[in-house]
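There are 2 protein chains.
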Amino acid sequence: MCIKREIPLGHFQARSQQLPALDPRALSTGLAPKEEPEASVPAAMLPRQLLARPAWLFRCPPGPRGACAPGAAGSWGRPVGPLARRGCCSAPGTPEVPLTRERYPVRRLPFSTVSEQDLAAFERIVPGGVVTDPEALQAPNVDWIRTLRGSSKVLLRPRTSEEVSHILRHCHERNLAVNPQGGNTGMVGGSVPVFDEIILSTARMNKVLSFHSVSGILVCQAGCVLEELSHYVEERDFIMPLDLGAKGSCHIGGNVATNAGGLRFLRYGSLHGTVLGLEVVLADGTILDCLTSLRKDNTGYDLKQLFIGSEGTLGVITAVSILCPPKPRAVNVAFLGCPGFAEVLQTFSTCKGMLGEILSAFEFMDAVCMQLVGRYLHLASPVQESPFYVLIETSGSNAGHDAEKLGSFLEHALGSGLVTDGTMATDQTKVKMLWALRERIAEALSRDGYVYKYDLSLPVERLYDIVTDVRARLGPHAKHVVGYGHLGNLALIRSDFGNWIRGQLVISFRNRGVLENTVLSAVGGISVCTDPSDKTSLPVLE
Amino acid sequence: MCIKREIPLGHFQARSQQLPALDPRALSTGLAPKEEPEASVPAAMLPRQLLARPAWLFRCPPGPRGACAPGAAGSWGRPVGPLARRGCCSAPGTPEVPLTRERYPVRRLPFSTVSEQDLAAFERIVPGGVVTDPEALQAPNVDWIRTLRGSSKVLLRPRTSEEVSHILRHCHERNLAVNPQGGNTGMVGGSVPVFDEIILSTARMNKVLSFHSVSGILVCQAGCVLEELSHYVEERDFIMPLDLGAKGSCHIGGNVATNAGGLRFLRYGSLHGTVLGLEVVLADGTILDCLTSLRKDNTGYDLKQLFIGSEGTLGVITAVSILCPPKPRAVNVAFLGCPGFAEVLQTFSTCKGMLGEILSAFEFMDAVCMQLVGRYLHLASPVQESPFYVLIETSGSNAGHDAEKLGSFLEHALGSGLVTDGTMATDQTKVKMLWALRERIAEALSRDGYVYKYDLSLPVERLYDIVTDVRARLGPHAKHVVGYGHLGNLALIRSDFGNWIRGQLVISFRNRGVLENTVLSAVGGISVCTDPSDKTSLPVLE
Numbered sequence: 098m099c100i101k102r103e104i105p106l107g108h109f110q111a112r113s114q115q116l117p118a119l120d121p122r123a124l125s126t127g128l129a130p131k132e133e134p135e136a137s138v139p140a141a142m143l144p145r146q147l148l149a150r151p152a153w154l155f156r157c158p159p160g161p162r163g164a165c166a167p168g169a170a171g172s173w174g175r176p177v178g179p180l181a182r183r184g185c186c187s188a189p190g191t192p193e194v195p196l197t198r199e200r201y202p203v204r205r206l207p208f209s210t211v212s213e214q215d216l217a218a219f220e221r222i223v224p225g226g227v228v229t230d231p232e233a234l235q236a237p238n239v240d241w242i243r244t245l246r247g248s249s250k251v252l253l254r255p256r257t258s259e260e261v262s263h264i265l266r267h268c269h270e271r272n273l274a275v276n277p278q279g280g281n282t283g284m285v286g287g288s289v290p291v292f293d294e295i296i297l298s299t300a301r302m303n304k305v306l307s308f309h310s311v312s313g314i315l316v317c318q319a320g321c322v323l324e325e326l327s328h329y330v331e332e333r334d335f336i337m338p339l340d341l342g343a344k345g346s347c348h349i350g351g352n353v354a355t356n357a358g359g360l361r362f363l364r365y366g367s368l369h370g371t372v373l374g375l376e377v378v379l380a381d382g383t384i385l386d387c388l389t390s391l392r393k394d395n396t397g398y399d400l401k402q403l404f405i406g407s408e409g410t411l412g413v414i415t416a417v418s419i420l421c422p423p424k425p426r427a428v429n430v431a432f433l434g435c436p437g438f439a440e441v442l443q444t445f446s447t448c449k450g451m452l453g454e455i456l457s458a459f460e461f462m463d464a465v466c467m468q469l470v471g472r473y474l475h476l477a478s479p480v481q482e483s484p485f486y487v488l489i490e491t492s493g494s495n496a497g498h499d500a501e502k503l504g505s506f507l508e509h510a511l512g513s514g515l516v517t518d519g520t521m522a523t524d525q526t527k528v529k530m531l532w533a534l535r536e537r538i539a540e541a542l543s544r545d546g547y548v549y550k551y552d553l554s555l556p557v558e559r560l561y562d563i564v565t566d567v568r569a570r571l572g573p574h575a576k577h578v579v580g581y582g583h584l585g586n587l588a589l590i591r592s593d594f595g596n597w598i599r600g601q602l603v604i605s606f607r608n609r610g611v612l613e614n615t616v617l618s619a620v621g622g623i624s625v626c627t628d629p630s631d632k633t634s635l636p637v638l639e
Numbered sequence: 098m099c100i101k102r103e104i105p106l107g108h109f110q111a112r113s114q115q116l117p118a119l120d121p122r123a124l125s126t127g128l129a130p131k132e133e134p135e136a137s138v139p140a141a142m143l144p145r146q147l148l149a150r151p152a153w154l155f156r157c158p159p160g161p162r163g164a165c166a167p168g169a170a171g172s173w174g175r176p177v178g179p180l181a182r183r184g185c186c187s188a189p190g191t192p193e194v195p196l197t198r199e200r201y202p203v204r205r206l207p208f209s210t211v212s213e214q215d216l217a218a219f220e221r222i223v224p225g226g227v228v229t230d231p232e233a234l235q236a237p238n239v240d241w242i243r244t245l246r247g248s249s250k251v252l253l254r255p256r257t258s259e260e261v262s263h264i265l266r267h268c269h270e271r272n273l274a275v276n277p278q279g280g281n282t283g284m285v286g287g288s289v290p291v292f293d294e295i296i297l298s299t300a301r302m303n304k305v306l307s308f309h310s311v312s313g314i315l316v317c318q319a320g321c322v323l324e325e326l327s328h329y330v331e332e333r334d335f336i337m338p339l340d341l342g343a344k345g346s347c348h349i350g351g352n353v354a355t356n357a358g359g360l361r362f363l364r365y366g367s368l369h370g371t372v373l374g375l376e377v378v379l380a381d382g383t384i385l386d387c388l389t390s391l392r393k394d395n396t397g398y399d400l401k402q403l404f405i406g407s408e409g410t411l412g413v414i415t416a417v418s419i420l421c422p423p424k425p426r427a428v429n430v431a432f433l434g435c436p437g438f439a440e441v442l443q444t445f446s447t448c449k450g451m452l453g454e455i456l457s458a459f460e461f462m463d464a465v466c467m468q469l470v471g472r473y474l475h476l477a478s479p480v481q482e483s484p485f486y487v488l489i490e491t492s493g494s495n496a497g498h499d500a501e502k503l504g505s506f507l508e509h510a511l512g513s514g515l516v517t518d519g520t521m522a523t524d525q526t527k528v529k530m531l532w533a534l535r536e537r538i539a540e541a542l543s544r545d546g547y548v549y550k551y552d553l554s555l556p557v558e559r560l561y562d563i564v565t566d567v568r569a570r571l572g573p574h575a576k577h578v579v580g581y582g583h584l585g586n587l588a589l590i591r592s593d594f595g596n597w598i599r600g601q602l603v604i605s606f607r608n609r610g611v612l613e614n615t616v617l618s619a620v621g622g623i624s625v626c627t628d629p630s631d632k633t634s635l636p637v638l639e
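From first to last, the protein sequence lines stand for chains A and B.
Counting from 98, one number per residue, gives the positions in the first sequence under the working numbering.
Counting from 98, one number per residue, gives the positions in the second sequence under the working numbering.
Careful, some of the hints might be misleading.
Stated by the list, open to error - Computed footprint of chain A on chain B, listed as stretches where at least three residues anywhere in the stretch have a Cβ under 8 Å from a Cβ of chain A:
1. 244-251
2. 417-429
3. 497-503
4. 534-544
In case anyone wonders, no lab produced these hints; they're calculated from the structure.
Beta carbons are placed, not taken as given, at the ideal position from N, Cα and C, and that holds for glycine.
Between the sequences and the hints, there should be enough to build the whole structure, so can you do that?
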């Protein structure tokens with residue numbers, strides 16, 4: 098049930114902005130939906146009873162149904178499947194990625210090298226699952242952002258935990274190095290070998306083992322692709338408790354091994370809370386069964402917790418039991434333009450207060466991000482050009498209540514100048530279109546040049562300063578320096594440091610190399626928190 | 098904003114029950130509130146427009162304001178402070194608890210005994226914090242349910258982590274056994290010594306170290322009492338992510354060490370998700386600082402997770418950083434009577450669907466529980482006598498929306514016969530009165546006799562069977578066998594076992610002893626999951 102309320106006309110008169118039409122160029126890939134006449138009506142001319150569904154909330158073009166259907170994802174949707182995703186980064190003509198061992202001063206530890214006898218043993222353990230074809234090994238040796246390249250000569254594709262156990266036992270006895278690999282979508286090089294480590298792929302471990310329709314507990318093999326799991330549980334009226342841009346390729350085992358946060362962290366929290374059990378194979382082949390799916394299990398130490406975020410260094414995760422929340426009956430996404438970063442922060446704070454328990458995501462991106470997704474992926478901004486954009490998602494059990502809460506919030510945000518323009522979507526196609534703008538930033542950046550990406554935690558008020566500082570310092574040497582991220586993961590590092598948040602700083606260069614070691618000195622005084630396994634890290638200067 | 102809707106009269110006519118008046122005996126401690134006239138109006142005579150605030154929703158007597166104020170907690174409220182709580186179990190006239198070492202076939206390990214030199218060393222480490230007075234040592238040697246008694250000769254009361262470190266280093270070097278103790282409210286004997294272990298109390302480590310009003314992150318010492326922390330953060334518009342009956346005495350450090358679930362688990366999840374950091378002192382005195390309060394911290398292994406639920410066996414938790422959710426603007430509690438356990442389960446399932454994101458607690462108790470809280474604590478049932486009762490709490494950001502959701506649910510539950518009677522409260526005093534019925538069951542049981550309490554996980558459909566089976570098997574040997582618990586902690590143990598849930602089975606005996614070893618054989622075929630440190634466990638028979 099939807100509650101109709103009036104917005105004082107003043108809010109719109111005060112702004113008196115023309116609502117711009119959608120950029121037709123951005124939708125010119127043969128899928129351009131028809132524009133709705135009201136899309137270009139000046140806001141001040143809109144009827145007064147708006148908040149139930151104000152016209153500007155629908156400026157994201159509904160178009161003909163087929164235009165944005167999942168099958169026609171060329172312009173707005175995500176590429177389908179792992180190859181499509183990786184394909185975008187390894188298009189013909191892109192230069193070869195240099196070998197990590199040549200680029201960085203790293204030394205191979207005294208591991209053995211793979212012999213013919215080893216290959217024969219692997220073939221006995223995983224018949225048909227031993228890949229040694231150099232061409233087939235190219236992609237798994239290179240990371241997703243094409244910064245690192247290993248020189249592994251063999252990739253193994255087990256189907257079961259027992260096969261993983263046999264492989265690791267053999268490698269342990271033979272002193273062979275192993276690099277577990279899931280969807281190879283990591284941004285910090287953890288999923289690719291540095292030297293000639295054996296790549297242990299979870300790609301064929303992609304079975305759902307069980308799903309309980311009352312409790313929402315999913316038990317599956319580690320190689321299940323996140324998006325496929327999402328579809329699986331959504332058909333059963335649940336959702337996965339995590340979601341991220343790489344969902345089309347990333348594996349749930351890799352998500353757990355890297356303690357992925359992602360877009361639903363704000364609402365459903367950390368994997369330390371939602372992962373109920375793990376099966377892990379240790380380096381010597383021991384299978385550690387912590388797969389008990391009790392939501393609160395106090396019998397013995399909670400060993401599985403150690404493997405969440407351990408990046409495969411303690412063992413290979415082979416199966417996951419995870420608690421899926423019920424599928425919300427109503428999902429709304431608002432995409433808003435903000436005049437400055439201070440307004441982005443204020444919008445978040447207001448949003449938390451007014452949307453409360455239904456707020457499920459709050460993301461921000463800067464104007465350059467929007468330009469890049471437009472340029473490389475042909476995604477058009479659904480709102481007027483702004484210095485910053487925020488994406489707000491609500492998920493709730495009552496569409497009317499949620500619309501009313503969101504309406505009140507938007508009314509306030511517009512009236513107080515926190516937000517200058519916006520659009521809202523409720524149907525799944527439009528929701529996906531809006532999400533694509535945020536989710537596909539990394540993909541657009543990877544087409545822009547040689548990319549360095551940092552997951553930063555900084556004091557709230559300085560989060561965006563690092564972007565402008567680095568931009569100023571690098572000048573024309575950098576093609577683009579951008580900032581975006583999940584504002585929802587508001588964090589505090591030590592009480593004496595004040596209020597910190599996490600965000601992404603991404604720098605793309607025209608050419609590889611010379612500036613690498615000087616980049617972060619630009620932000621002197623800020624020490625940057627990067628992932629411990631981040632092989633692409635630039636030196637951190639205090 | 099509250100949405101008024103009509104309930105079809107038939108729902109009430111079909112039931113045509115007299116709504117009984119409150120039992121005046123139960124409120125005869127000088128605090129009896131005045132009964133409201135409508136409390137005894139038959140439901141069928143109620144006006145039709147009920148759901149905004151139907152009359153039966155207010156049958157919990159509002160009474161004069163002073164009647165149920167926190168200060169006058171004698172009848173409905175919790176006793177105030179640790180002594181009041183313990184006092185209820187060690188009232189004059191109750192027989193002495195036998196020594197654990199005489200009751201169970203346990204052997205003291207070859208630890209040293211405390212010497213005069215040790216006491217002098219402790220006095221230097223914690224001046225004025227060494228307790229050796231036998232009378233003062235009586236209470237900390239006995240567990241809350243008065244089942245176990247140690248014979249410790251010394252209790253230490255450090256104020257800082259450094260003092261804890263010095264104490265443990267000394268004990269490590271001298272081979273002295275140590276038993277950490279928080280509020281001593283545990284039900285499984287983990288907080289009291291078995292022999293002459295030194296009791297290391299966190300009672301004086303009760304400082305809030307910091308609270309961040311934007312992120313809601315609280316950092317405090319381990320000995321802070323949960324209820325005091327609740328008051329502290331509630332004044333700042335947040336709530337603690339956990340709540341339990343023992344809140345008036347239990348320490349946050351003990352909550353974390355035992356991975357307490359409690360009444361808010363359903364909504365805010367496990368401490369593995371909400372605890373952001375810990376400071377722990379290891380057995381050799383090493384201070385392990387995992388107190389970083391980053392909401393998602395992927396730098397290195399998440400070692401703190403191992404200490405959550407480790408019952409003090411890996412180290413003594415000395416400080417906790419915890420994420421507090423924003424205080425909900427509206428809290429509603431409904432207390433309902435159900436005709437059978439099947440209806441309790443069905444009510445839960447319906448409730449989850451209809452209340453969605455605002456459902457914050459779902460508890461059940463049986464008729465015997467209600468009789469016992471009435472008999473020993475003079476708490477009256479606010480609803481007609483029923484075989485089962487459920488307590489439902491909602492917490493949300495919009496009172497009108499929440500009332501509408503709850504109203505729709507109650508309409509459905511009444512109409513379909515899942516629920517036969519009910520009352521609802523929104524103001525804090527009444528909410529506390531309703532919660533007391535559930536929270537104080539353990540206290541009432543402890544006055545009933547020699548109590549054995551089990552935290553069980555069983556298949557949903559058999560959870561209550563164990564109560565009736567044990568009741569039948571023990572017959573007149575047991576005074577009472579009762580079942581109650583958090584239905585919200587719905588769990589699944591291994592997919593092949595079906596859908597299990599947790600609940601409490603409590604058996605009280607008139608006399609101690611003879612039946613101890615036979616109780617659970619009554620439920621042959623059910624293997625019972627108890628806490629690993631549960632020193633009161635009866636043998637588990639398959």
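These are the hints, each one checked on the structure:
no.	hint	verdict
1	244-251	violated (count 0)
2	417-429	holds (count 3)
3	497-503	holds (count 3)
4	534-544	violated (count 0)
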